[in-house]
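Given these sequences and hints, build the entire structure.
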Amino acid sequence: MITRTLKGLRTALVAVAALGSWMGANAQMTTAGTSINNRASVNYSVGGLPQAVIESSPTGNVTPGAGAGVDTSFLVDNLINLSVSELSGSATVVTPGMANQVLSFTIANSGNSPEGYQLTVSEEVGTLLFGNNDNANFGLANLVVRVDEDPSGGNGTGNDTYDGTESATSINQLNPGQSITVFVLASPTVPLTVINGNYANVNLQARAAAPGTNGGTLEIASPGANLPTTVEILFADTLRDATESATDQFSVVSAGLTITKTQTVLDDGFGSLSPRAIPGAKVLYLTTIENTSTTTPAQLVSFSDPIPANTALLANQYSATGDVGITNGLVATCNADANDADGDGCGIVAGTLNVSSAVIGNIAAGVTVEVQFQVTIN
Amino acid sequence: MSNSITVLRLAMLAAALGGAGTALAQTAERGCIELKTVAQIQETYVDERGNEATRLVPAAKVVPGDEVIWTIVANNVCTTPAGDVAITNPVPQHMRYVGSSAFGPGAQIVFSLDGSTFAAPDALVVAESDGSRRPARADEYSAIRWVLPRPMGPSESMTVRYRATVL
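Residue numbers (our numbering), protein chains in the order written: chain A, 25 to 402; chain B, -7 to 159.
In case anyone wonders, no lab produced these hints; they're calculated from the structure. Positions of the beta carbon are idealized from the N, C-alpha and C atoms, including for glycine. Check before you lean on any hint, since a few could be wrong.
What follows is a list of derived Cβ distance ranges for each label pair [said to hold, decoys possible]: (1) B/Y37 <-> A/G57: 23 to 33 Å; (2) B/E35 <-> A/N61: 36 to 46 Å; (3) B/A111 <-> A/G57: 48 to 58 Å; (4) A/A90 <-> B/S134: 17 to 27 Å; (5) A/L73 <-> B/G42: 55 to 65 Å.
In structure tokens, the structure reads:
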């Protein structure tokens, strides 16, 4: 007897476990509004004679015959559940001024009814994420939400990757079991105000809304009396508020430029081994611009240097018309004419030598560019 | 020729009327067992002493994952005993039977995988695609039957119950 009881108990436990795994394996839940109908029947005999079957009804049925009963029914209610998760698991590394930089999130409808979602972005000043404290603000005006064109795995144009064609700022409708990628875009570019070592933690919040309203009509949990013939709304997310969120991070890594300028007296007119800086002496000014970043190029670098007082720029020291010499730039020499009249990127404006980014270009990580020119002391 | 056809038609009409009359008598007939099915859920509440307690309430707010308690009540409304009483209930669509939840005082409870053949849980086996056989899981039961070993006397009632989860 004891053995049988134990066996029965074990069977029950196995059955429950099997049910649990079955439910987990099949995420598809009974859709809200589905009517669940049940009708029992009884067979019996009177005086040894079998009688016609009697079906049940919600209030009790005594009329025999198949079809004479009435279903006991209720409607499956609307279970609203959702999840928001950030995709990368790490910060998105950006550089000031970069365009099309996004944080990617996934929003999943884990309820049993199609839902829409209102999306809200906020910055989490001071919070810790991925081991880094938020210490910078992008400014909400510089953060915009874009929703992928169609759910993940869909056959539309959405590909879970930001490609600039996304335009929706809310989720109009997501069916049960579906997920969709949402991007938070640094718009129009990563702000130029953020600097190397800045971290900005950006939170994306999704709030369930009636499907087809572009997130406009928020769902409300059904209050008051429950009716078997009404599809009520229940919130099943963590805080029972139909709202979930996740945070991702922009990590700002900018190029670090170290600039060093040296002056060397090349010739004082007396052939000295150690030429002195006397009137008429020729002096070389050499500026080295080093990008100390190991990862990030410095883009569109330009250079300005006032020609020192009481000196005059020496022309054509680097080529037939080359007043300025450039190493690792886009060109080797350029002509420091007044106001860059020849448009080669070098010019003197109000006594200052300007070498434009058209001459220097980008400086890759770890690369050093040299700019040099020579003067005579008046 | 035409007369015989008319006669035939009249005969058919009479047969049809007779048949309808019989059917009407059948449905208007009152059987000996009144059968009722009720859907309820278990609700937790705080009683007047401040203790948490549970009670059964009508299944109104039900979502996937919830357990519904199905209660079937049979009443003998005749003055004669009803014998060979067997109450049968298919597990509703979109639901799964909860193992070991079927209850019925004194009744032999048997289950079915196909809805027509009933047997005790130990006797229900499922053939796998690889030819092996294994005991059926409770969530695979598609119908439940309560077989009463003794007749129900006049005015006697029998309540049976089971739980099922909304998928």
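The hints, checked one at a time:
{"no.": "1", "hint": "B/Y37 <-> A/G57: 23 to 33 Å", "verdict": "28 Å, holds"}
{"no.": "2", "hint": "B/E35 <-> A/N61: 36 to 46 Å", "verdict": "22 Å, violated"}
{"no.": "3", "hint": "B/A111 <-> A/G57: 48 to 58 Å", "verdict": "36 Å, violated"}
{"no.": "4", "hint": "A/A90 <-> B/S134: 17 to 27 Å", "verdict": "18 Å, holds"}
{"no.": "5", "hint": "A/L73 <-> B/G42: 55 to 65 Å", "verdict": "57 Å, holds"}
Violated hints, listed in ascending order, are 2, 3; each of the other numbered hints is respected by the structure.
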